[in-house]
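Student: Residue numbers (the numbering used here), protein chains in the order written: chain A, 94 to 313; chain B, 25 to 153.
Just so you know, the hints here were simulated from the structure itself, not pulled from any lab data.
Glycine included, each C-beta is placed from N, C-alpha and C at the ideal position.
Any given hint could turn out to be false.
[Said to hold, decoys possible] Here are the simulated DSS-like pairs of lysine-lysine, each with C-alpha atoms no more than 27 Å apart in a straight line:
#1 B:K80 with B:K96
#2 A:K193 with B:K63
#3 A:K311 with A:K132
#4 A:K132 with B:K63
#5 A:K131 with A:K230
#6 B:K115 with A:K286
#7 A:K130 with A:K286
#8 A:K193 with B:K115
#9 A:K311 with A:K130
#10 A:K163 with A:K130
#11 A:K163 with A:K311
#12 A:K230 with A:K163
#13 B:K97 with B:K138
#14 B:K97 with B:K115
#15 B:K96 with A:K311
#16 B:K97 with A:K193
#17 B:K140 with B:K64
#18 A:K130 with B:K97
#19 A:K286 with A:K230
[Claimed, not checked] For the chain A half of the interface with chain B, some residues (derived, Cβ under 10 Å), not all of them:
#20 H96
#21 N160
#22 W223
#23 A249
#24 S253
Below are the chains, spelled out letter by letter.
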Amino acid sequence: MMHEIFSFVRGPMVWIAFTVFTVGSLYRFISMWRLAKKKDSVVFNYFSFFYALRSIGHWIFPFAGVNMRKHPAMTVVAFLFHICLFVVPIFLSAHVIMFKESWNISWRWLPDPAADIMVMIVIVCCLFFWGRRIFLKEVRYLTSVSDYLILAAVAAPFISGLWAYHQWTAFSAVMIVHIISGEILLMIIPFTKLSHMLFFPFTRGYMGSEFGAVRHAKDW
Amino acid sequence: MKQNNIFTYTVIFSIFLLIGTIAAFSQEDIENVHDSAFKKLTRPAVAFFHDIHNDKAAIEECNVCHHMFEGKKRVEDDDSIGMECSECHYKEPVSSIPDLIRAYHLQCSGCHLKQKAGPVLCGECHRRE
Ligand code: HEM
Numbered sequence: 094m095m096h097e098i099f100s101f102v103r104g105p106m107v108w109i110a111f112t113v114f115t116v117g118s119l120y121r122f123i124s125m126w127r128l129a130k131k132k133d134s135v136v137f138n139y140f141s142f143f144y145a146l147r148s149i150g151h152w153i154f155p156f157a158g159v160n161m162r163k164h165p166a167m168t169v170v171a172f173l174f175h176i177c178l179f180v181v182p183i184f185l186s187a188h189v190i191m192f193k194e195s196w197n198i199s200w201r202w203l204p205d206p207a208a209d210i211m212v213m214i215v216i217v218c219c220l221f222f223w224g225r226r227i228f229l230k231e232v233r234y235l236t237s238v239s240d241y242l243i244l245a246a247v248a249a250p251f252i253s254g255l256w257a258y259h260q261w262t263a264f265s266a267v268m269i270v271h272i273i274s275g276e277i278l279l280m281i282i283p284f285t286k287l288s289h290m291l292f293f294p295f296t297r298g299y300m301g302s303e304f305g306a307v308r309h310a311k312d313w
Numbered sequence: 025m026k027q028n029n030i031f032t033y034t035v036i037f038s039i040f041l042l043i044g045t046i047a048a049f050s051q052e053d054i055e056n057v058h059d060s061a062f063k064k065l066t067r068p069a070v071a072f073f074h075d076i077h078n079d080k081a082a083i084e085e086c087n088v089c090h091h092m093f094e095g096k097k098r099v100e101d102d103d104s105i106g107m108e109c110s111e112c113h114y115k116e117p118v119s120s121i122p123d124l125i126r127a128y129h130l131q132c133s134g135c136h137l138k139q140k141a142g143p144v145l146c147g148e149c150h151r152r153e
């Protein structure tokens, strides 16, 4: 029984997850492109790579923007969170070793103790975001149930992964939960607020062009 | 003084001999896979009671695991007993010869998956005690 479930979630299910993620992202890009063409086709005239990159540049470095200097705690947490969020799943030894087993491709991986710490950072950051939504009035006002669910979906693979790595208890069950939660996370990215991961360069580039090329102002 | 020294050396030598013998004897029963190519293990050692495992799994031929190759061709009636896997499988893959970690994982987990018996998750083999 265990073997059947495991073979499925590590085999076909991984393909399904990656396919939904890729096709879903393409679909979102195309429909966004169409919408932009219809609603605001002048964007295509004034879109400027220079101003787009200038704006992106200012937003991907910590404290390069006014808003970030105003909220130092949030800025530090958000940057740490995003770095660990992307680096851990891609450079985790367990994940790289599975790629190696399946397709005989591999790349350098993080030492396990380092990954362990980064995972804990992600979990603490999730708690911070959670607390912010509960305790800060101006944030709570803008929060819906789906925000909590998305936060839980992001935290789940990290909590279960940490648990599995340390083999606290019920190892096999937690491992299966971990794999499924990772796959769910991958699949919901294109269809939820998490799609900001895909659209960030475009929204920022759009704002950058609008402010730089049209209004001759800064947008950071 | 001289006599004393010889006595001390003899005692020390005997102790080493005793430890050596015990170590040699306990090596008879393999309880862990320990390939000497892994200088420092990053994961807990894999418990593997060699003879018990092979009895339980009903593996008849030693060369299912201790296989021998001539170029790319498997030599069915020969084996590599007494050799470590790392004598032929290295840190990096060499053409179609898998690297050492992959060789262990494919051989062990591969059979467990195929037979739907035996451990397949990282933590089932690399157990923290
Ligand atoms: C394709 C689906 C996935 C599979 C098959 C998978 C599988 C695994 C396995 C086998 C481990 C090793 C557990 C151990 O060391 O005993 C692991 C650890 C881990 N995975 Fe995944 N995973 C998947 C997706 C994800 C995703 C999407 C994330 C995060 C977004 C993630 C985060 C982690 C973490 C945080 C650990 C623990 C590392 C530590 O605590 O040091 N995994 N995963």
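Student: Indicate, hint by hint, whether the structure satisfies it.
Tutor: Going through the hints against the structure:
no. : hint               : in the structure
1   : B:K80 with B:K96   : 31 Å, violated
2   : A:K193 with B:K63  : 21 Å, holds
3   : A:K311 with A:K132 : 24 Å, holds
4   : A:K132 with B:K63  : 63 Å, violated
5   : A:K131 with A:K230 : 37 Å, violated
6   : B:K115 with A:K286 : 42 Å, violated
7   : A:K130 with A:K286 : 22 Å, holds
8   : A:K193 with B:K115 : 13 Å, holds
9   : A:K311 with A:K130 : 25 Å, holds
10  : A:K163 with A:K130 : 35 Å, violated
11  : A:K163 with A:K311 : 16 Å, holds
12  : A:K230 with A:K163 : 17 Å, holds
13  : B:K97 with B:K138  : 22 Å, holds
14  : B:K97 with B:K115  : 22 Å, holds
15  : B:K96 with A:K311  : 64 Å, violated
16  : B:K97 with A:K193  : 23 Å, holds
17  : B:K140 with B:K64  : 31 Å, violated
18  : A:K130 with B:K97  : 60 Å, violated
19  : A:K286 with A:K230 : 21 Å, holds
20  : H96                : 4 Å, holds
21  : N160               : 42 Å, violated
22  : W223               : 28 Å, violated
23  : A249               : 18 Å, violated
24  : S253               : 12 Å, violated
Going through the hint list in order, the structure does not satisfy hints 1, 4, 5, 6, 10, 15, 17, 18, 21, 22, 23 and 24.
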